Each structure stands twice: as structure tokens, then as C-alpha cells.
Amino acid sequence: MLFGTHFHLKNAVLSVGVLSFALLTGCGNNSQQNNETKAEASQTAPAAELPKEVRFAWGGGPRVWVLGKADGDFEKALGTKIKWVEFASGADVINYFAANEIDIARFGSSPAVAGITRGLPIEIIGLEGLISGAERLIVRPDIKNLQDLVGKKVAFPANSTAQYALEQALALNKIDKSKIKLIPLKPAEIVSAWTRGDIDAAYVWGPFTQQLEKEGGKEIYRTTTLNEKGILVYNNFAVRKEFAEKHPDLVIKFLKAYQDQVDEYKRDPKAASEKISKYLSLPYDQVETTLAGIEYIPLKDQASEKYLGATSNDENSGLAKATQDIAKFLVSIGELKQSDVPKSYAPNIDSKYLIEATK
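For the record, in the sequence shown the residue sitting at position 200 is 184 according to this note's numbering, with numbers rising by one throughout.
It cannot be assumed that every hint is accurate.
Straight-line Cα separation of at most 30 angstroms, DSBU-like style, residue types lysine-lysine; simulated pairs [what the hints assert, rightly or not]:
| id | residue 1 | residue 2 |
| --- | --- | --- |
| 1 | 65 | 53 |
| 2 | 213 | 290 |
| 3 | 198 | 225 |
| 4 | 305 | 237 |
| 5 | 312 | 225 |
Label pairs and their in silico Cβ distance ranges [to be verified]:
| id | residue 1 | residue 2 | range |
| --- | --- | --- | --- |
| 6 | 276 | 165 | 27 to 33 angstroms |
| 7 | 59 | 160 | 49 to 55 angstroms |
| 8 | 262 | 233 | 51 to 57 angstroms |
| 9 | 250 | 212 | 17 to 23 angstroms |
| 10 | 199 | 295 | 25 to 31 angstroms |
| 11 | 161 | 282 | 16 to 22 angstroms |
| 12 | 126 | 36 | 56 to 62 angstroms |
| 13 | 268 | 295 | 27 to 33 angstroms |
| 14 | 60 | 209 | 22 to 28 angstroms |
| 15 | 282 | 262 | 24 to 30 angstroms |
What the hints contain is simulated information worked out from the structure, not anything from laboratory work. Predicted, not measured: the structure shown is a model, and the values here were computed from it. Backbone N, C-alpha and C fix where the C-beta goes; we use that ideal spot for every residue, glycine too.
The task is simple: from the sequences and hints, build the whole structure.
Encoded structure:
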């Protein structure tokens, strides 16, 4: 999902100033051995006192786990209050983590990779799911395929999973993106630009895709195609390392509670969609389509080499490879410097909580 503009991202990290530096010192390039040592210590250390609240960052849109927010199931599972911190972009999440204002976040893969690269002391602990039909390319009626985008104006949320998907789709189909006028806009701005006739196509997520379709747009591509070709496009759950080391039991309980929400949704998608629609005051059809556009991977399957790895910090896991691909993308658009990209992101991908959550 949304990551933030080029300028916004860099300043989001810089804006925390001395605080960021203090938080990030020594956390950017920890060795796998150091991570494993800390992990072992956290598993053997006595349980820390339950925090008064757990601070969770969310984007405000329809997602399956919102069931647990609506019913209070996450607070019941964790045994403490949850402070829901809403964000507008992935840059906000980076800022919140750096300023120690959140403990756990559900956000896009691109900002997670950027944050880790810049030294944020966070680790990926699980997937919300693969972005499949939740992000789609909506076009004017006269555009039949990707090749027809040449010479057209195509909008996307800057530095987001949608932009990543768009550029991967163009590359796979050998389409020169320099021959397309690519326009970075916020999702709401995309809808306004479409209404004015300023753009010909947009790669974005629901409910904005549905709004474009209601105004005459049609789908010609969805992120599902990329996942089928082995290009993982996903949203992840990330946690502050210090919090996870101090409260590993809460991280495990959080993941279990999330799986419960997925199970509830799969048992009755209509009822779950209706509940979330009512809770967020959004049209049912928009919620239903958005929820159906995510491929939900069971926790037990996430803890495999295909995704986070069957062991902690698995260098050969699917996510270890995917994060490198995302880093290359961020370098190509000027968000990261190649010299800052680590040899591997595996030290910041930890499946041990998933493994414990499925026992």
C-alpha cells in the first residue's frame, strides 16, 4: 500500500533528528548471530510486566483484521489495551517507529524495506497477505491492454506497492515506461483527476478502484498476475525489536488473534464484510471486493521457506529474496542508495513468532 512521496519519505526519517539517531545506533547492520543471540535471550528471559497498552499502526481501510478491532478481540487476546494509531502513508509508519510511538504496524512491503535499510530497529514477523485483486490497473474504455498505455497518462500512489506492481508489470511485458506519462498522486487525488479527465489510467487499491469503475473505468491488470509469476507483492506485520524481545508472548498472541480473524472471514465472507462495512461506515460492495482481493496465507504456511522461512533469519526464504527485489526498485526510483542496501534482509525477518503461534 501507500509509502509516501519521494520528498516525504526522506524527510520522515530525517525529521526525527537526534531521536532517530539514538534509536537507530547499532541497529542497521546487526549480524545474524547477534539477532539469534537476542532471540534466544528473549525466549529464556522471564516474562516482562504487561504493558499498559500496545500501540498498533493501521491505515484505516477495510481489512480482515479490522474484525478484531471492532469486536475488541485483539485486546482480549493480549490482555491489555490497544492504542490504534492511524497513518496516512508508509512514511508516517517509519516516523512513528523511529520516534518510538508504535510497537506493531501493518503496512506495505516497500516502506518496511526502506525503514530496515535506513536502520530502523524493526523486524518483519508475518504477512497480512499477498496483494492480489486488492490492487488493480483501472483504465479508460479505449485502452485494451498494457501496450495501449504508451502515450497515456497513468497515475499511481508514489513509492507504494501499487507503483511497484505497475513497474513490474511494464517490465514483464517489455513496455518502455519512458513512453508513458507516469503521474504520482495520492489515492483520493487519483479519483479527482479521473473525474476531471486528467488521467487515462491508474494503478491503485480499493475502495478507490471501485470508485474509478463506477465512473466508467475498467480493469485490465491486477497484482495477482505478478504473484503467480513469483513476484511477491504483500503487506506485512512489523514490530519494534525491543518490544518483541521484551514481550514475545504478546507478539505470538497478536499473530494468533489475527489468524482467528482470517478464519472468521473465511467461514462467512459475507457476514464478515457486512460487519466491517458497518464498523467503518463504508459501502458493502467496496469492502467485500477489497477483502476478497487479498490472498490470506495461513500462519503455518508463512513459516516456510516460500515466505518468512522455516527458521529465524532464513537467508533463502521467499521474503529474503523479495525484499532484495523491492530494494532494487527503491534504488531505481531514487528512494534508497545502493550503497545502503544490506547484503540480506534476513536478519530483520523472523519467523519464530509464527512458529510458536501455530503450536
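Quick one: which hint numbers does this structure break? Sort them smallest to largest.
-> Numbers 3, 8, 10, 11, 13 and 14, in rising order.
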